[in-house]
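Spelled out from the first residue to the last, the chains are:
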Amino acid sequence: MSPILQVTDLIKSFGGLQVTKKVNLSVNPGERHLLIGPNGAGKTTLFNLISGDLVSDSGSIILEGRDVTKFPTGKRAQLDLARTYQILTLFGKDNLISNVKLALLGKMPLRWRCWGSFLSDPSLDQSALVILNKVGLGSKAYLPLEQTSYGEKRRLEIAMALAQNPKILLLDEPLAGLSTEERETITVLLKQIDRNITILMIEHDMEAALAFADRVTLLHYGEIITSGTRQEVVNDPRTKEIYLGY
Amino acid sequence: MSFWLIQSLNSLALGGVLFTLAAGFSLIFGLMRIANLSHGAYFMLGAYVGLSVIDAGYSFFLAIFAAAIAIGLLGCIVERIILRRLAGNSLSQVLATLGIAFVIADCSLWFWGGDPRPVAAPSFLAGGVQIFGQTFPLYRIAVVFFSIFVAIGLWLLLEKTKLGVMIRASVDDRQMAQGIGVPATKLFSIVFCLGAALAGVGGIVAAPILSVYPGLDADMLPIALVVVILGGLGSLLGAFIGSFLIGFIYSFGQALFPDLAYIILFLPMLIILAVRPRGLFGKITA
Amino acid sequence: MASQILIAAIFAMSLNLLVGYAGLTSLGHAGYLGLAAYISSWLTVKLGWSHGSTAAIAIASTTAIAGIFGLIALRATGISFLMITLAFGQILWGLAYRWASVTGGDNGISGITRPSPFGLDLGEANYFYYFALFVFLLVWITITILVRSPFGATIRGTKDQPRRMSALGFNVWLIRWITFTACGFFGAIGGVMYAYYHQFISPHSLSLANSAEMLLMVIAGGAGTLMGPVIGAALVMLLKNVASQYVDHWVTLLGLVFIFIVMFIPGGIVAGFERIRNMMMGSK
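Sequences listed follow chains A, B and C, in order. Residue numbers are given in our numbering: position 116 of the first sequence equals residue 461, and the series is strictly consecutive. Residue numbers are given in our numbering: position 61 of the second sequence equals residue 73, and the series is strictly consecutive. Residue numbers are given in our numbering: position 70 of the third sequence equals residue 92, and the series is strictly consecutive.
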């Protein structure tokens, strides 16, 4: 089984500081892969490199056998990559269903149509509602975004990523800043995601994330320290050193 | 040979004028990220104020002084009442300066009328000087020296004073500077006043060369923009080099290809923006 | 004067596409006025071609040039973009002013005739008004349809969250470029109408002041709304033509009103109305 995502010898520097040091990562189709590491380890930077928000200095990123290293973000999204952001980047002035509809449009030829109505398009509306229901926001579809809670916004963020119908989903700290209750809701949601979508996730909440993950990679100061199954990484002495030593 | 000498002097003089105009704009943008679209209007108003002082019988020096104070004060008021209230919203601030430009331009028309007003150079600088058997207008030579004097003054301010250090720190990294206690609000006021005053002084100093007329503001603003984009936003050195570069391009362009001279002005800016958005010496990408 | 408002509204609506919906502020819009007006005028006055063909050529070539400008301007965002558009406007102004052999320089091109569609002599003010109204409605309806369409939604998306739009798979640059070019297209229509109305075109119409005035119309009326630019155009034109008879310095008034709106009602007059309406409804 060839990996759906293969990162090889990826290097990124800012000025004199090397923030990503020859990272090698491989994720198999259907896998739930957890990326952990202390703050500043370079996890989000790695995500940015994989999604195309940042351009690497050297190394390669291969998505489903295709070399996407030089591709811009939009093109990678078209190749079935989706991600959520740590800092919410939702369309603040719209309501929930409009947000999801825009996410749906991203890969549809419909997005170029200059006539007809965006606001009331029965099939688009229907598809958007289905996705909103999946994340439990169906009843709030027509609420303006400003009237929703932070937890609901995080769920919307995931909904939009799912709307892109991705093959690989990058989740950047989906549980950050949420109450225990909300965390449970989202964890359940994540577990329900079909296995034909591969998930690569950054998370600090060890309990929830570890229960979810098949394989784990530990990143520290931009370097891969260890990678393997959940058990292997948890028992690795280096993991304990990094996490307990600070 | 004399053609080149004369055009070179014209270029230097124009460059000097542009520097006084551009330095203020660059400072304001570098520190406050505001593209001050009323900068040309300050330039023009400074010229008009200076003109009135001269008309009233006072010396050219007093005119320069008056322009600096008047426009500096105006800048202070504008910054306090209008721009400060729009802090954080770059676009609104730019639009506000656009509105202010309209108001200043119209009020100037109201107050000083629609005729172009030539301004005489101060008597001790009138006339020419013989170099290499060629007569050069003494005033233009003086303008070049004046701009160098202003440049040195600004350099000293930025490099050697506490105020200057704070300004440079804030231009380089605003958040960090605020984090270590640089009083941003006060700094903004001072810099905006200074920038405006500089523009006003530039206007009256340039007046014997350019005259004063309604529309001077709209003529000067695009050129100021070209200079700062070329030289690099936020960089005094960039404003200096950019001013003289443009001075040369424009003067020689006017003399050699009068039809295309104005357009030639913009080409370097477009190329720079397309190829190296930071400009020649800039620290900030616009 | 009503015709003037309609033509001004066409400019404001076209600029609004770029400023209000795509979030790209431009100070070179009068350039399209000039390009289209000069091209169509020159062809009719100097070469004697028919109105239909000259209008078509003027609009097509202006749109093409807008496309080329877009390729350069869209390499920048924010203030740089503003300055590039300003530069383009100034370059066109400089051309109009200096290329006297073609453009007539300061004297411009005069003696522009109005078309006679279906034999109607548009020289008569009434007929011209209906013609202008017709063109205005055509433009207004087209822009409304565009804005409400899925593509219109994507334009607004690129203004709100360009990074997110990229991540969703959209080609943000292409969306902006199309909008930029469309802005030029509608601006060109305005330019041709402008030439017909005044029957004269000079470099002054391409000035920075004019571009600034168009931006004023959009912002004051309400950027990003369908009625905003129309209201803004009406406001500016009324100030120009009516207030100017009572108040010598209507420009100062315009500037002050504009500053007031920018400071206190950034959504423009449209937003102001909504606020008043909400207040009235709230108090019931």
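If you are wondering where the hints come from, they were derived from the structure by calculation, not from laboratory data. It is possible that some hints are incorrect.
Computed cross-link-like contacts, EDC-like style, restricted to lysine to aspartate or glutamate with a CA-CA straight-line distance of at most 16 angstroms [to be verified]:
hint, chain 1, residue 1, chain 2, residue 2
1, A, K415, A, D402
2, C, K181, A, D439
3, A, K438, C, D128
Note that this is a predicted model, so its numbers are computed, not measured.
Evaluation of the provided hints:
1. A:K415 / A:D402: holds (11 angstroms)
2. C:K181 / A:D439: holds (13 angstroms)
3. A:K438 / C:D128: Answer violated: A:K438 to C:D128 is near 47 angstroms, above 16 angstroms.
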